[in-house]
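**Student:** Spelled out from the first residue to the last, the chains are:
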Amino acid sequence: MKAQQELDRFEIRFSGLGGQGIITLGKVMGQGLALGHGYNVTQTQSYGPEARGGSSKCDLVISSGRISYPKAESLDLLVALSQEACNSYFPYLKKGGILVLESDLVKQPPTNQFLGLPFTSLAKDKVGVAQAMNTVVLGALSYLLPFINQATMRKSLESALPPKIRAVNTKAFNLGHRLAKKEWGEDAGEVWRVEELGEID
Amino acid sequence: MPRRKKRTEIFALGNEAVVEGALLAGCTFYGGYPITPSSEIMEIMASRLPKLENGVFIQMEDEIASMGAVIGASLSGRKAMTATSGPGFSLMQENLGYAVMAETPMVLVNVMRGGPSTGLPTSPAQGDVQQARWGTHGDHPIIVLSASNVQECLDMTITAFNMAEKYRTPVILLLDEVTSHTREKIEIPNEGEFEVFSRTVPSMPPEWYKPYEETVRGVPPMPPIGSGYRFHVTGLTHDRNGFPTQRPEEVVELMDRIHRKIDQFFYDIQLVDEIMTDDCEVCVIAYGSVARSAELAVQQARGNGVKAGLLKLKTLFPYPRRHTEKILAHARTLVVPEMNMGQMSREVKRVNMGHASVRTINRVDGQIVTPSEILKVIMQG
Amino acid sequence: MPKKNKGKNKVTIYPDWCKGCGICVEFCPAKVLGLSLQGKAVVEREEDCIRCGFCELHCPDFAIVVSDKEPMDNGLSDTDAETAPPKTKTGGKGA
Amino acid sequence: MSKITGNEIIHQYLRHNKKFPHVLCAGCGHGIVLGTLIRSIHSLGIPKDDVVVVAGIGCSGRLAVYVDFNTVHTTHGRALSFATGIKISNPKLNVIALMGDGDALSIGGNHLIHAARRNIGVTALILNNNIYGMTGGQSSPATPEGSTTMTNPYGQLDSSFDTVELARGAGANYVARGTVFHVNRLEKIMTEAIGRPGFSLVEAITPCHTQFGRKNKYKSPVDMYNWLKSTAVPLERYNEMPEDKRRDRMPIGVFVDRDRPGFEERYYAMQQNFLKQAAKGGK
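Chains as they are written, first to last, in the UniProt record's numbering: chain A, 1 to 201; chain B, 1 to 381; chain C, 1 to 95; chain D, 1 to 283.
It is worth saying that the hints were derived from the structure and are not from the lab.
Source: prediction; values computed, not measured.
For each residue, glycine too, the CB sits at the ideal point set by N, CA and C.
Some hints here could point you the wrong way.
Unchecked claim - Sample of chain A residues at the chain B side, in silico, Cβ under 10 Å:
(1) G26
(2) K27
(3) L35
(4) Y39
(5) V41
(6) T44
(7) E73
(8) Q113
Said to hold, decoys possible - List of simulated lysine-lysine pairs, DSBU-like, C-alpha gap at most 30 Å:
(9) B:K185 <-> A:K27
(10) B:K51 <-> A:K95
(11) C:K40 <-> D:K276
Kindly generate the complete structure, drawing on both the sequences and the hints.
**Tutor:** Rendered as structure tokens:
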């Protein structure tokens, strides 16, 4: 069981292509962190034509205290699901921040310090639904981020989805979590672990 | 002391919070026309209102018609609202003036985006501030509120309805794209934890009723159409009976009253948050999402040993003069960051009258003013 | 609606409301009405009124009322009364 | 006691604290339309409290102030949008939108077609005098081609709107045209229009000799009424006329008569369904 930890402005950016479910991903994760974990969270996004086929991005700011400025300025975590997104937003990654990418779609990573998984093909081949790719990412991040409790996040995910697609997404979530643990190693995300405050229920 | 019932928490968009606030305030009518970035308000209303007893949602053919329908609904006794953004707000100005003249309570939410014209549909701006104040023609009083975070979207929408009903006037709630498209955790207050004001209705026999009669508060009671009080509503300057008049003494009486009904309640209408302003030497005056950047900047400045404070405006108009004057007693610099070329800073300068130096930070590139930009100016003193 | 009960009708014109447009005068089939020198409609030949209703319906100012000739208190109509009510001579084309 | 008829009925519906005669020119047909409207409402037995007259701007807009109903004098062209808000808010009210031709067809054209499409239960009463009268005689969308106005000193170049066809195409439930010369017919269609569900439209041809007639060889009100008398033909007769005879004649009568439920009826039916479902779910 992971412990609840004090956070002071933890900034995540999800970025990629329109249609990858990036905003839903941010929304579900934000909701899980805000309502399930009790953090203050702001989620903002880019709207408009970009959301239909162009690039898409969605920011989360997570904090134990009040969040004043709601946008992400220097990223602790950048999730890049396309080459273009990776190129545009990598400069905003904080020193010591982590880059997570879609290893099939980002062929030229700007650094060799990254964590990658072929999320799209995993969703297509192992879950059977390509659209569940964003949930695979959510599962992987729930493993990576030391302040996310897997069970709580999964519960939050399930509550946010209509019954019809719930089972598929649970499967995708678990797959992401499992593979992240396997591929990224036990101590991935260790940089963000701070002193324990108590357990998350 | 009775244990307070736990409030429901939701993770909501600013626009969603507006809907929650409106429904808590008793809104039963939404008439609108979709426009980015306010459309979610309309979409959520479209799914919620028809399922409520007595809730009415209607999509009108344009923003002009939306205002017409909202005023019509309000005259019929409903708490009514619409929401729009820049170009739509421009189209609403004509009937907004009608609502002022006919003293029709209503709430107009304008989610500001980059302008002029179609401008930047998906980017934030604060360029409609002076339009909200002076957009409709003729001298008129108006109440303009704003919100800087999602919880405030809910709270200020309730406040907007209360003020509209209390003062029989249209109330504009100015949001910006950042605030309305941010998702945050908010608490939905339980019934009884917030004020809900509904307009006063006449109690005298219909034949004694004068629709625009002088009252103590300057706000005449207002019956719903069809309730037995038959009277004339017009956008023409009218006498106490509601009939058009051009007699100077009757014209001035009307103009006096519609201004006075707002002016004498400044203490109730002008809302601000004073953050570390008690001893501040540099005071940031901000509103909307920029106030969030300002708050961070002020905290950082304090950390650097600068006595900074933030006056967060929740009421933009009538401009909170007395709050500003209080700060002017000790502040030597006022910093006004805005996502426009300097619209609120005009008000600040007007009130300041040379007491302090007023520094403006203006951005019109579709980006929010960042905390570091504000901090830089604060640190310059 | 035309009721041809000639002689039993009373035509009243409110001179304050009449603007003298002349519609009633022009289109009255029985030529009951005329225009006074002040430019207002006046009743000239009430007894010829066939109560077609045209003047009343077409008066834009609601200034004409055509009604039954009210019987007098004694049960007689005013044509039967000894002293007929004073006829408004103010008007009439010839006056 | 004699039965109250004619203008005595009208007098009961006028506001006694308003100054009469009204502001309109001598011979203006608008007064006749107002009278006709009052008689229609009287014959339908609708209480004054349940009638809302929503007027636009212009000569027609000034009528609302004189009648003892709930009256709303709105902005130019927007009467139908206000009326829509009132009707959907309180469907028991009989809402009549009183508009001029410039009001309804030009600035308010969009509201007109959408009110018809939506089939909102409002009666649109368009007082067509072919001109902007109150502002001094500028041409309106109903100004006949070739006629002269202040803004068309060399003759109107564009053709005028056929209000009836416009409303039919937009989906109005009931569309009729009458003139102030043919008052009984006008009263009949107005009564029908108010009684119909959904959106109904009555175009009342009411001449303006002051602004239109003066410049177009109708010097007096009487000339204009004679023009109406000779131009208007009942629809049935008009349909039998050969094509070449139809020119310069104007059909009057009922052009569309459907009884599809109004928007408000459909809306509240939907709402009732939701509420029933919710009540069932609750049990």
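**Student:** All hints, please: hold or fail.
**Tutor:** Verification of the hints:
no.: 1; hint: G26; result: 8 Å, holds
no.: 2; hint: K27; result: 6 Å, holds
no.: 3; hint: L35; result: 6 Å, holds
no.: 4; hint: Y39; result: 8 Å, holds
no.: 5; hint: V41; result: 6 Å, holds
no.: 6; hint: T44; result: 5 Å, holds
no.: 7; hint: E73; result: 7 Å, holds
no.: 8; hint: Q113; result: 26 Å, violated
no.: 9; hint: B:K185 <-> A:K27; result: 11 Å, holds
no.: 10; hint: B:K51 <-> A:K95; result: 51 Å, violated
no.: 11; hint: C:K40 <-> D:K276; result: 64 Å, violated
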